[in-house]
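Take the given structure of chain B and dock chains C and Z with the ligands to it, following the hints.
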Amino acid sequence: MTGAQLPVRLSINGLVVEAAAEATLLQAIRSAGLQVPTLCHLDGLTPVGACRLCLVVIEGHPKLEPACVTAVADGMVVHTHTPELDTYRRMAVELFFAEGNHVCAVCVANGACELQAVAVEVGMDHSRFPYQYPRREVDASHPLFSLDHHRCILCTRCVRVCDEIEAAHVWDVGYRGSSCSIIAGLDQPWGEVAACTNCGKCVDVCPTGALFRKEDGSGEKQPHPERAQQLVEARTEHHWHNQ
Amino acid sequence: MTLATPPKLRFATVWLAGCSGCHMSFLDLDEWLFELAERVEIVYSPVASDIKVFPEGVDLCLVEGAVANADNRELALQLRARSKVVVSFGDCAVSANVPGMRNLWAGVEGGSRQSVLERGYVELADTGAQHPHAPGIVPELLERVLPLHELIPVDHFLPGCPPSAERIRTFLEALLRGEAPPMEGPAMLGFG
Amino acid sequence: MGVSWRCCDATACRAAGGAALRQRLEAEMGADRVKPVGCLRLCGMGPLAAADYADGSTELVGGVAGERRLDLAHPFFILQRSVVLERCGLVNPNSIEDAIAQGAYAVLDRCRQLAPQAVIEQVERSGLRGRGGAGYPTGRKWQLVAAQASPTRAVVCNADEGDPGAFMDRAVLEGDPHRLLEGMAIAAHAVGAAEAFIYVRAEYALAIERLRTAIGAAEARGVLAGLPIQLRIGAGAYVCGEETALLHSIEGGRGTPRPRPPYPAVSGLWGLPTLINNVETFAAVPAILREGGDWYAAMGTATSKGTKVFALSGAIPHTGLIEVEMGTSLRTIVEAMGQSPPGQVKAVQTGGPSGGCVPAALLDTPVDYESLQSLGSIMGSGGMVVIDGAMAMPELARYFMRFCVDESCGKCLPCRAGTVQLAQLLDRFVERRATAADLVQLEQLCGMVKATSLCGLGQSAPNPVLSTLRFFRAEYEAAIAGPIAAPIAAPIAP
Ligand SMILES: Cc1cc2nc3c(=O)[nH]c(=O)nc-3n(C[C@H](O)[C@H](O)[C@H](O)COP(=O)(O)O)c2cc1C
Ligand code: SF4
Ligand code: SF4
Ligand code: SF4
Ligand code: SF4
Ligand code: FES
Ligand code: FES
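Chains as they are written, first to last, in my numbering: chain B, 142 to 384; chain C, 2 to 193; chain Z, 29 to 522.
Only chain B is shown next, with the shape it has when bound in the complex (with noise of 0.2 Å):
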């Protein structure tokens, strides 16, 4: 959808950038080659603004304000980066660190994690928090794929991307606050979900190690987070004959 209103002009970091406008800050900000952490956030799925690692300062916004939904305008005035924000998103790591249970030496996902990225990003050495060692589960009923609920931090690519792009919506969220977790189907095993179509869309999006291949051991995941959006591009702008 090609809007047919003119770009506009906003300023981030000092810079002036130009953006179209219906482009989301974050679109804005990365187009212009800067950086800001994300973990919910995945082009080609809908934005939820959970995680808030994208918040950002607004000049003349009482509140912070996350880039993944926020529409860019004419004239705003952006900050990824200030002492505070960073502060903040360092903090926010070291809770989602807490929160769960990240042994990363032996994780699927070790080194190819983007939760471990996004640590590096802020520079985190170790948490301020104690950690929580939720008790969580582990679905292994899947013939191909596992669920590992100690790794997952509740971004919500998985339940995106089996709704929107497969269309077979086998995950939801379940219980609330700290109990949340990941339930496939009505909160049955996932092997018994029959609407799972074994894509693997799932896998590939997760960014941590939470949904792997069976067959990957430790340091062996190997993510795709980029097929959301190409399978995006591929249906809109029919790279198939058959569309």
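Think of the hints as simulated: they come from the structure by calculation, not from any bench.
A hint or two may mislead.
Said to hold, decoys possible - Pair ranges (Cβ atoms, derived): (1) C:52 - Z:418: 51 to 59 Å; (2) C:187 - Z:398: 21 to 29 Å; (3) B:220 - Z:175: 32 to 40 Å; (4) Z:372 - B:227: 40 to 48 Å; (5) C:131 - B:187: 38 to 46 Å.
Claimed, not checked - In silico negatives: residues of chain B with every beta carbon more than 10 Å from chain C: (6) 246; (7) 316; (8) 319; (9) 339; (10) 358.
A quick note: this is a predicted structure, and the numbers were derived from the prediction, not measured.
A virtual CB, placed ideally from N, CA and C, is assigned to each residue, including glycine.
Only chains C and Z with the ligands this time, still in chain B's reference frame:
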């Protein structure tokens, strides 16, 4: 000690509940260890010294491993009291890492101690299943395994499982120059 | 001869034995002389019943045997200004005839003769602000919804009332449900909505029953002029009171908030422009349209107009429901109306888990949006809990933090994980084993959760901590076990 040679830094390394991988990585520094030896005096270390009692007046102490048993705790408190600068060395010290996994059973099903001993020494035993029990010889496990900084104040954190030799070297070189280690980017940070 | 009784048949009095009192009165007087009504205000002395004598005098008694004679000339009653509650306690909530006889739906009929803009103008003139907590100007919201280019719109009443210590909306629903329906129908006319929903928490069983009866009767009589008002029962999640979560829940989805914009006024229920207001907000509307916006605006303060209902509870002799003019001081409410002996109050908690504590020294603060906010508390929806010296502030803060831990929907990280850590930090203060570093951590994490959470629940979850830290910091400092050296990142001298 002459006026020409600056006094050597009193250097210690400690091995708590870890797999010794951090120390192995430290040994991977190979020739650089000779350079290090010129700058520091190793006063306590499981890999480079035979001294059994943690000495007084340590300048720099690298601590590998989590705090998992009574001996770990005693030694951690002692080394903090006797060291100027304490470093959490590797993921087990930084986050309790693998040894901390038994904390999943803390407070449930008879507790983490009971669960881990039962699993390790009874359920998985081929022969002679029994709980280890040798008071005064085998230290008591703590119910909750702690990262070092939850027990004592820690001055620096050097993550990695293990931290690569290169990362350790960059870290130590900065400290020896009297600078804050450049804890930034994938070369210096990152768990696992 | 000549006496008739109004017997409170609302939740608090029912719990206190209202049925027994009513049976006794009915046996003595005959059932036709005893009418069930909504809250008579002084719930703490309940069950209550009022006797109306032929000479126009009224007596109020409390207790199953009617053993307590209550003084209607007490400031608790005479300082009240009933607008929203004008029929509550007088009308039989199960009888549309009684409601109509006391004026219900007359204003709606008049409004229908007016252009929608004229109705909105009166609401704007009244200065009414949303009573659900945020205090957004109601007229402006109506204007915004009406201005959307859409063939149809929806009106939603937020009756989720989940704050601990809040029971204002319940009183309206149980005591005078037709007032709410009338207010909603007026709103629907004003903004051009063709459908309406009321979202009530499942715990409000009696309110739900009365609303069902009222909606059925109003539809049967045709007083709503074809506006279908549907009831939706929430499963009791506090966060479902947040407007976007509430709308998701009505749509049949999981009750979780989403980032705004778009605001519901632009895109709400199924994408329709949606007017969402609180029970008390809608319930204020009939009187405003009857008497005129200026009449309402003449009450209250410059920026907080009209009256406000408060649920007064806690360590205070008179607990119950009060409706007072905005700007009434906390001291008037607590000491004169609540009859708390001077010097006994430690603080007044307003705004529930999103609010804070006003210390006794500041009891002269007028109750209005800005004054409370400047003290780090909020008006909130109207819960007012009086705290005495027996309550330690870190413990109070922990109570509210645990509430937020339980009620967090879990969607965004700072609230889901941050409140858990905050509650654990507060444990250390309650158990007096905190360190100086814990205090620093507590304040820092409060700041982070407040600044980065997605919705109002997380954004205001730290408020009870921050406000008690502001006024009762010494209690936190006293809970610090001993000086523990903070980590020092000192470079070592070679
Ligand atoms: C966590 C949370 C809970 C809320 N609960 C309620 C509630 O129970 N009732 C209510 O009217 N508003 C509640 N609100 C406020 C609503 O989001 C919304 O602002 C209000 O219904 C708008 O109506 P008003 O303008 O008439 O106040 C809540 C907000 C938050 C963030
Ligand atoms: S999911 Fe990522 S952060 Fe968690 S253990 Fe695996 S590699 Fe580490
Ligand atoms: S494999 Fe495909 S269909 Fe199955 S849950 Fe994952 S995304 Fe959904
Ligand atoms: S399983 Fe993976 S993709 Fe799904 S919510 Fe958890 S971390 Fe995100
Ligand atoms: S702030 Fe809390 S309640 Fe609101 S969206 Fe985030 S997790 Fe849910
Ligand atoms: S990336 Fe924007 S909130 Fe997660
Ligand atoms: S409920 Fe009966 S007086 Fe309030």
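Right, here's what the structure says about each hint:
no. : hint                      : result
1   : C:52 - Z:418: 51 to 59 Å  : holds (57 Å)
2   : C:187 - Z:398: 21 to 29 Å : violated (50 Å)
3   : B:220 - Z:175: 32 to 40 Å : holds (33 Å)
4   : Z:372 - B:227: 40 to 48 Å : holds (47 Å)
5   : C:131 - B:187: 38 to 46 Å : violated (57 Å)
6   : 246                       : violated (4 Å)
7   : 316                       : holds (18 Å)
8   : 319                       : holds (15 Å)
9   : 339                       : holds (29 Å)
10  : 358                       : holds (14 Å)
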